[in-house]
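The chain contents come next:
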Amino acid sequence: MWRFAIKMLFGDSAKFYGILLGLGFASLLIAQQASIFVGLMSRTFAFVGEVGHLDLWVFDPTQSFVDDQKPLRSTAIDRVRGVEGVAWAAPLYKSLLVATLPNGVRRSVDVVGIDADTLAGGPAEVVAGSLADLRLPDAVMVEIGSSQQQLRLPADLAPGAIPAPGQVFDPNGPTRDVEVGDILELNERRARVVGLVKCAETFVAAPTVYTTYARALSYAPQSRRVMSAVLVTANEGEDVAALAERIRTQTGLEALDPNAYAMRTLSYWMRETGIPINFGIAIALGFFVGVAIAGQMFYNFTLDNLRYFGAFKAMGASTWRLLGMVALQALVAGVLGLGLGLGAVSAFGLNAAGGKLAFKMLWQIPLIAAGAVLIICILASVISMWKVVRLDPADVFKGP
Amino acid sequence: MTFGSANSTNTTVAAHATAIRLRGVTKTFGRGESAVKALQGIDLDVPAGELTMLVGPSGCGKTTLISILAGLLSRDSGELNVFGTDLATLRRDRLAAWRRDNVGFIFQQFNLVPQLTVAENVSVPLVLKGESVSASVRKANELLTTLGLEGRGKSGPLKLSGGQQQRVAIARALIHEPRLLVCDEPTSALDAELGRRVMELIRGRSTRPDRAVVVVTHDDRIFHLADSIAHVNDGRIDQLTRGAAHARAAPTPTTSTPGSNPN
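Read top to bottom, the protein sequences are chains A and B.
Residue numbering for the first sequence follows my numbering, beginning at 1 and increasing consecutively.
Residue numbering for the second sequence follows my numbering, beginning at 1001 and increasing consecutively.
No wet-lab data here; the hints were simulated from the structure.
Wrong hints could be hidden among the right ones.
[What the hints assert, rightly or not] Straight-line C-alpha distance at most 20 Å; calculated EDC-like pairs for lysine to aspartate or glutamate:
| id | chain 1 | residue 1 | chain 2 | residue 2 |
| --- | --- | --- | --- | --- |
| 1 | B | 1037 | B | 1093 |
| 2 | B | 1037 | A | 392 |
| 3 | B | 1129 | B | 1093 |
| 4 | B | 1129 | B | 1101 |
| 5 | B | 1037 | A | 395 |
| 6 | A | 198 | A | 133 |
| 7 | B | 1154 | A | 12 |
| 8 | A | 198 | A | 257 |
| 9 | A | 70 | A | 257 |
| 10 | A | 387 | A | 257 |
| 11 | A | 356 | A | 257 |
| 12 | A | 7 | B | 1210 |
| 13 | B | 1159 | A | 179 |
| 14 | A | 198 | A | 179 |
| 15 | B | 1139 | B | 1150 |
| 16 | A | 387 | B | 1150 |
| 17 | A | 387 | A | 125 |
| 18 | A | 7 | A | 395 |
[Claimed, not checked] Sample of chain B residues lacking proximity to chain A, with all beta carbon distances greater than 10 Å (derived):
| id | residue |
| --- | --- |
| 19 | 1035 |
| 20 | 1081 |
| 21 | 1139 |
| 22 | 1194 |
| 23 | 1197 |
| 24 | 1221 |
| 25 | 1231 |
| 26 | 1234 |
These figures come from a predicted structure and were not determined experimentally.
For glycine and all other residues, C-beta sits at the position ideal for the given N, C-alpha and C.
Sequences are here, hints too, so could you generate the full structure?
As structure tokens, this is what we get:
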């Protein structure tokens, strides 16, 4: 009878496609909104992931998230280096500064200053130039290719050329991408582009500019506290957790491994912003739309077939067998609807890859969508099953 | 068929074993003031090997009676024995299994599943009994051939004419060779000639010594094909006519129902 149950489902094409549409739309909405949410949240700590090969981030204990800048005194680096078990510690500067372009356009940039000796904290991908070139005078490396607002120079200005005295560019005139050799101003100080880098999309809608720590300080406004964080690598074989605890105890600073630091950032955004609620509402809407459309369609499908179920019951089919048929129909519709929805989400994700849209489908998201579709199917089929259980086989003798 | 008492006047009937025996069967729907007494003490013996028709006006209790003797509905009181089985003692699942093994149904609305092929529709009782779909469909096609529907097994039932659909429904009712065939208005949707042929088909295939056929009908064009006609009225059997000659004659009670009020 299972084969017949499937044929009954597929045979009623109008309702079958309606059910698929409902379940597909529900899983699409649930998985897509969840993926966008995860993608968005991932951007909040993406910078942490950019910095590889280190064991601990040391920062101000009151800092809530990566971009919550609570600068440390310059002595922090020496205090951290003095902790037993630290192999090396490098300073990191990170702050928004203003870049002035040759056409007079002023744009915020996220300046990251890394240790000139170790180059720890540098970008994951260098597209043009070498990271070591940051040691050259006035050298900076500029992010390209991300969806962040890009630095664009006047198209009339050749790469690496310096505007002639008195040469003025229209701020609204044609522009080109920044290239190696271009000259910028950071806080009215000269900055020469020696390389181009690619960075992960972050929550800060400003292009990232890498330079050395010392040079970043020269660009930054004068202050006693300028160091954003200290990057630490432990001695080989050192217990990182124990080292973090020693750093906390001896310096009064917070020390977290990259994963914990990312989670601290994520936790802040989850807790302190309305983003999860907004996305939660969208996901819930997807669920309820699924219940409303697919549930109603499936219920109507069962109602339409009730007379045949009644005939089967009269002919000796047990209630359990009929319930099994309904459950199988719901399961098959659910699997196909889920596949349809997840397929659409995957296509959406592939299309959105590399664009402005934050999208990250973790392996848990299809499972969540599957769980939601399963609940929708159970809700829909339970109501339908109730009709089948209550079905009196003698009703088959009643008129139409 | 014997009716009301064991002292039947018909020796032919007496020669047959009793397929269905009802004594004092009652059924009431609802409670209190809204209660409807559908059956008010039915006594009925249906001999094996015969075709019995239940006739009467709408609402007289025919459908309730046929539902009870087919094991679809429980009676409130009285004795109900079908082919030696006391249906009142069977629990719901056992009753379903009993119906699956012993009863064939022909419904007024056919109830052919439009999403299944003709052969698949016919094969349902066999599949319910645990046979494989492929074997059941093969048997269904063989039966369809004998019913003049050769080559139609893969068609959708809705593509067939009313008469063909009825033959498919008959095939579905007969494929598992049930001992009891229950038919609800089997000719109501058919013209006179087709109705007669359908009834002859049912009669020819089901009135064997170890079987019985019960037909609910309003169609007096087929009364002559009945071995017995029980006239149901107001929840009681108040008239019985015997055999084809009796059926064509003016209905005259051969006996009265013990315990019932013939008015």
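> Per the stated criterion, does the least C-beta distance between residue 1081 of chain B and chain A lie above 10 Å, as a non-interface residue requires?
Replying inline: holds, 19 Å
> In terms of Cβ atoms, is chain A entirely out of 10 Å range of residue 1234 of chain B?
Replying inline: Its Cβ never comes within 10 Å of chain A, the nearest being 19 Å, so this holds.
> Does the claim that residue 1035 of chain B lies off the interface hold, with its Cβ farther than 10 Å from every Cβ of chain A?
Replying inline: Its Cβ never comes within 10 Å of chain A, the nearest being 18 Å, so this holds.
> Within a Cα-Cα threshold of 20 Å, do residue 1139 of chain B and residue 1150 of chain B meet the stated pairing?
Replying inline: Roughly 12 Å separates the two Cα atoms, so the pair holds.
> Is the nearest Cβ of chain A still more than 10 Å from the Cβ of residue 1221 of chain B?
Replying inline: For residue 1221 of chain B, whose nearest Cβ neighbour in chain A is about 20 Å away, the distance exceeds 10 Å, so it holds.
>> Next pair to validate is residue 387 of chain A with residue 257 of chain A; report whether the Cα-Cα distance is within 20 Å.
In response: Judged against 20 Å, a Cα distance of about 57 Å means the pair is violated.
>> If we take the beta carbon of residue 1194 of chain B, is the closest beta carbon in chain A still more than 10 Å away?
In response: Check passes; 20 Å lies beyond 10 Å.
> Is it true that the CA of residue 387 of chain A sits at most 20 Å from the CA of residue 1150 of chain B?
Replying inline: violated, 37 Å
> Given the hint that residue 1037 of chain B pairs with residue 1093 of chain B, does the C-alpha gap stay at or below 20 Å?
Replying inline: violated, 27 Å
> Taking only the CA atoms, is the gap from residue 70 of chain A to residue 257 of chain A under or equal to 20 Å?
Replying inline: Holds, at roughly 18 Å.
>> Check whether the Cα positions of residue 7 of chain A and residue 1210 of chain B lie no farther apart than 20 Å.
In response: violated, 36 Å
>> Check whether the Cα positions of residue 198 of chain A and residue 257 of chain A lie no farther apart than 20 Å.
In response: Status violated; Cα separation ~24 Å.
The earlier numbered hints that this structure contradicts are 1, 8, 10, 11, 12, 13, 16, 17 and 18.
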